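Participant: Here is how the chains run, residue by residue.
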Amino acid sequence: MIIFLLSFIFLVSGTFLSFLFKKKLKLIIYSLTFIITSLILLSITLVYFINENYFRTINSFNNILNVISLNNAEEFSVLANLSFEMTKIGSFFIFILSIISFCLSIYIPFYIKSYNISKSQLNFHLFNLSILLISIVLLFLTKNLLIFVILWEFMGFSSFFCIFFDGQKTKTINAAIQYIIVMHISFLFLLIGAMLCYKFTGSFSFDKISAFFQQQNLQEINIDFNKIKIVLISIFSLGFAIKLGIFPFHFWLPEAHPASPSHVSSFMSSIVIKTGLYGFFLLLNLFGLPPPVFSKIIIFIGLISAFIGIINAASQTQIKKFLAYSSVENAGILLFLYGSAIFGLINQSYFLYVSSLLATFIYLLNHAFSKSSAFLSAGLIIHKTENDDLDLLGGLVHYYPDLTIANLFSSISLSALPPFGNFIGELLILIGYSNYIINYSFSIVPFWVFLLIGIIGAITILSFTKYFTTAFLGVFRGKNEIEKKKNPFLLNISLFLPLIFALIFSSCFFYNYYFKIIEEVSLKSFYIINDFALKAEMIPINQIFYSFYKIIIIFILVFFLFFFIYNFIRDKKERTWSCGFISKKEDIFQYTSSSFVEPFISIFKPLTGIQVKRKEKDMIFPKKTYIETEHNDIVNKKVLSPIIEKINLIFDKFTFIQSGKTQHYILYGLLFLIIILIITLIRYF
Amino acid sequence: MKGIIFSLIKIFLIIFLPPLMIGIINRVKTTWAGKYGQSIFQPFYDIIKLIKKSIIRSTSSSFILKIALVLQFISTIFALLLIPFGKIKPFIYFEGDFFLFIGLLGLSTLSQIIIAMESAGSFQGMGASREINFSIFVEPAILLLFASMIFYTKSYTLNKMFVEFAFLSLEKIMVGIILGVSFFLIILIEGKRIPIDDPATHLELTMIHEAMILDLSGKDLAISLYSGYLKIFIFSLITANIFIPSFISIELSILLLISIVLFIAILIGFIESLFPRVRMSHIPDFMLLVLSLSVIIVALMFTMNT
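Residue numbers (our numbering), protein chains in the order written: chain A, 1 to 685; chain B, 686 to 991.
Okay, derived cross-link-like pairs now, DMTMM-like style, lysine to aspartate or glutamate, Cα gap no bigger than 25 Å in a straight line:
#1 A:Lys22 <-> A:Asp166
#2 A:Lys605 <-> B:Asp970
#3 A:Lys624 <-> A:Asp391
#4 A:Lys208 <-> A:Glu520
#5 B:Lys845 <-> B:Glu780
#6 A:Lys208 <-> A:Glu519
#7 B:Lys857 <-> B:Glu780
#8 A:Lys573 <-> B:Asp731
#9 B:Lys734 <-> A:Glu574
#10 A:Lys535 <-> B:Glu780
#11 A:Lys485 <-> A:Asp389
#12 A:Lys485 <-> A:Asp388
#13 B:Lys904 <-> A:Asp571
#14 A:Lys516 <-> A:Glu85
#15 B:Lys695 <-> B:Glu936
#16 A:Lys535 <-> A:Glu519
#17 B:Lys734 <-> B:Glu895
#18 B:Lys714 <-> B:Asp883
#19 A:Lys573 <-> B:Glu889
#20 A:Lys572 <-> B:Glu895
#21 A:Lys535 <-> A:Glu52
#22 B:Lys734 <-> A:Asp571
#23 A:Lys384 <-> A:Asp402
#24 A:Lys169 <-> A:Asp389
#25 A:Lys484 <-> A:Glu386
#26 A:Lys573 <-> B:Glu895
#27 B:Lys738 <-> A:Asp571
#28 B:Lys737 <-> A:Glu574
#29 A:Lys479 <-> A:Glu628
#30 B:Lys695 <-> B:Glu780
#31 B:Lys737 <-> A:Asp571
#32 B:Lys904 <-> A:Glu574
#33 A:Lys479 <-> A:Asp388
#34 B:Lys738 <-> B:Glu895
#35 B:Lys738 <-> A:Glu574
#36 A:Lys613 <-> A:Glu630
#37 A:Lys572 <-> B:Asp731
#38 A:Lys550 <-> B:Glu780
#39 A:Lys516 <-> A:Asp207
#40 A:Lys516 <-> B:Glu780
If you're looking for bench data, these hints aren't it; they were derived computationally from the structure.
It should be emphasised that the depicted structure is a prediction, and the values quoted were computed from it without experimental measurement.
Only chain B is shown next, with the shape it has when bound in the complex:
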């Protein structure tokens, strides 16, 4: 019975939280700018509106576009199903699922690029090129972070890796903070938020993610947008999971998780209002920052354990 309730909670959170995070980010930004701003549920209304609309596709597109859209959505959803919610176990888990997680994210990136290139537009191509070129340092960073977690928690299922990671010694506190910071930076990179990309920009030449979905409309756009929201949510969940201690009860852990996720949304809102976007030529440096953070963890382990 408890299991059913927990899985219902998880499904509810998966549907409800990702757009809410975006709503909160936008609300924080508008409040910071001194405006009244939109409702925090605005992303829901947007998506519902888009689903009601009909689809207009480019003349250069083909059936591959439909495959890619579905593939992007499904692979992002399946990647989300591998992440635990606090102390609640994820829907699917097995030993070594961390690499399936990365493989699914890679699949969603691939389909995202396909969606962009289907339109035969210059902006879409440019966005796709930037997206894929700037993200080559993120995958190794995530893998190294996972490797360090494997070393400290002595297990290689995502479920145990997150639950058993505890801030018990000085070494683990240091590692935990670096882990949290780097996963937070990965939210900004994968979610295409401000230091990397400005989702509210009006100029196509400075866009990355927004340029890729310029040509989508209606239900296609809804699916693509929601997959983007899910990506932010996935990495916020990961960041939140690191900070949840292993000794608290399940109910408390889920409350803590939700509050940390919402806190992350507010934090992203602050960052978006306070910092400008990085210059396009400096984005690889920002990606290298994340990679070097993960290398620092390995160096730390090396000095502590040999």
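Chain A on its own, in the form it takes in the complex:
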């Protein structure tokens, strides 16, 4: 804990130190401190994974706190329980966080250099980034519900200010305000949940809450207790689902991502959103197994969310909106994986339980890394070509080959194709459900899963081929000129490093570490699983993946061999034959991304929220026609805007109060005082 504290102090002091300097030097100093902090965090997690006992002995920070608060423990019961502890699942999240912040710290100086903003704004932004990092790390370490909620609020506020980076644009302001409102709704749910928890259990400490619920679990089934548990779980789940961006609450994601600078959206989608999933794991820890219906509801909601997310992603032509919707899909899949773990546990299929938890962690890791890389390169594209519309991009491979390769790999990874972790996650979950089909009585759930995973997988391939092929291949469609420039080597590291790590850490050689996390999660969820039974399920999964990786390695070797040979064959270059049509500009006949997905939109139109407006004049010989495409998320369109309109209608009736005359306002104050006086008098009598 002391190392953590020291690293935080180092980070904050480095941030403040960087304030003293001018822009270039400031960024360099800041990124250096960020790099060192993330390396410290990384080394802590690695040491913890290798030998966890090392940290148990050095828990002096907690001891000091305990000593301080011991004298009046009764009065400061909140403080007495204030403790931070490394858990395996927490350290797994910190591990991902540290690698991503390492890449970001390399990226930030190159990226922010181009922004034209004032010194104080930049200082404020950098400060907020540091606070965001610290609050998330502490969030994964804390063992106190109240502290958890407070850190949640810290995280929400600092990420809000991070999004607000170039706050001159109205779009940015709107998106940021929407974000902060949504995050506060999430915070409100968590706060209510925490208060209720305190009311029932008398403590904010994780240990005490879980001990209380464990005790209740062991006793005879108490109906009241079960009701409390269901209410608590559903309140907390709502709060976490909003953060994770699950279907009815996903509307803030596609607004917030395009508004924020790329390093922030990378950080948001790779780690800030994932705190919601950490929260879901926390629920298992606090309240134990949820009621059986809950698992099916979670599976259903997760899959529906993934479905809606990927349909919207496929129909988008704006790069960042597309990536944001793809995040919605991935969050949905993650929730579904978590739900199927509970489903397996409730139905006592430990194989499904283990495989889906393993799938969750691999999927999470791979998605975080690949999405981070994708967002970073999207930021570079937008910055270099000065537009974010896929219809106006194209042919970027001729200008930025290194960006293209990074995006090819991240597209393959995110569209759940082998050999990346998203594919392995889906493979694991399907193996788990196949095992369930074989060994347990007939249930319709696995077949639903097979069907929806198939559809989602196919549409994912569609949306990522759309993204990659229209942005990078062919000929540039825009009107402005872009210069051919190679990325600096350091910048390329920040794009490729996450992808390489994603490939390495989702391979079977690290599964033993994942199994350790699974063991911890299952021990903490106090559902009595025989440790031996758990291990028995782990061995076949390991074996399956050793043979899988043999094939993948052979595949990669054969691929490189063929490519090596094929690369030597010479070719001539000619213009593409386009039915005899010849023009000076090559792109005039190219397919754009909106025409690429046009057949798709015609199938799924009601779910995409896309409206095509044609302004045609009724003339015998029409001269010009205009076509406009508008996108409005279905939740925004069907649910939110009617509600907001109605609220506005109600408040419109009170506009007469704001008359603009000072006398009136003084009168209101007087009226208020009189009303207060009357109320107190009534109470007195």
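Given chain A, work out where chain B should sit, using these hints.
Facilitator: Just chain B now, with coordinates in the frame of chain A:
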């Protein structure tokens, strides 16, 4: 020793059968039209001719094209290596390989789209768009069919799933026939044969698959064509495997397999000569037909087992 002979047979079949199937389809079509027609080995000659030729690539293409071509070929080959040949085990198998099969097919689709979009042409883009948009219902259909096979054979390696599926009860006979029919329809979809796409058409606006490879030439075209042949062969193998009973000997099973595959080729030839191509706007309905067939199997299992 036997193992080596069998693997030699498999390699021979992988090289020899896919173009032969196309040759037979073309021959059946020409015979039906009353022409003498080309030799059934014509696809071989075509591919050999293409390999000898030099390559002309579009000015808009880049090194990604080479990556995509190789990736398409290798991933299709690896998908084929997962399928058993009758009772001969496939080259590679492990528990859960059915999803690797689907992943590899997805990889080959992705690279096919990349190849098309590299040329910056309108027809190529149109073909790519149609190909990927119309195939979104096929992947879930294949997965559901596999799920039903997993339920009946109690195993989830492709090898066992196909070998142990037997027509023993009324339920299994019904399921087996639906499986066979839907996999046969998937051959037509994935192979881009007639109700979906006409490989012999002359008009680019009605093409799907042919439009995508319009700009390829020489060795590039040979690789792309052969990968397409392999796709047809893969799904014919799957269809044939369903109908091969598990009690016959290995030698007999391989003979049966070859004859069923050739029969499928003749059947495709008949269909191509008798039916017209479906209208472009009706193709999604045809895809939904396959998906609904697979849903019917699940409904059947649901009624029989609960």
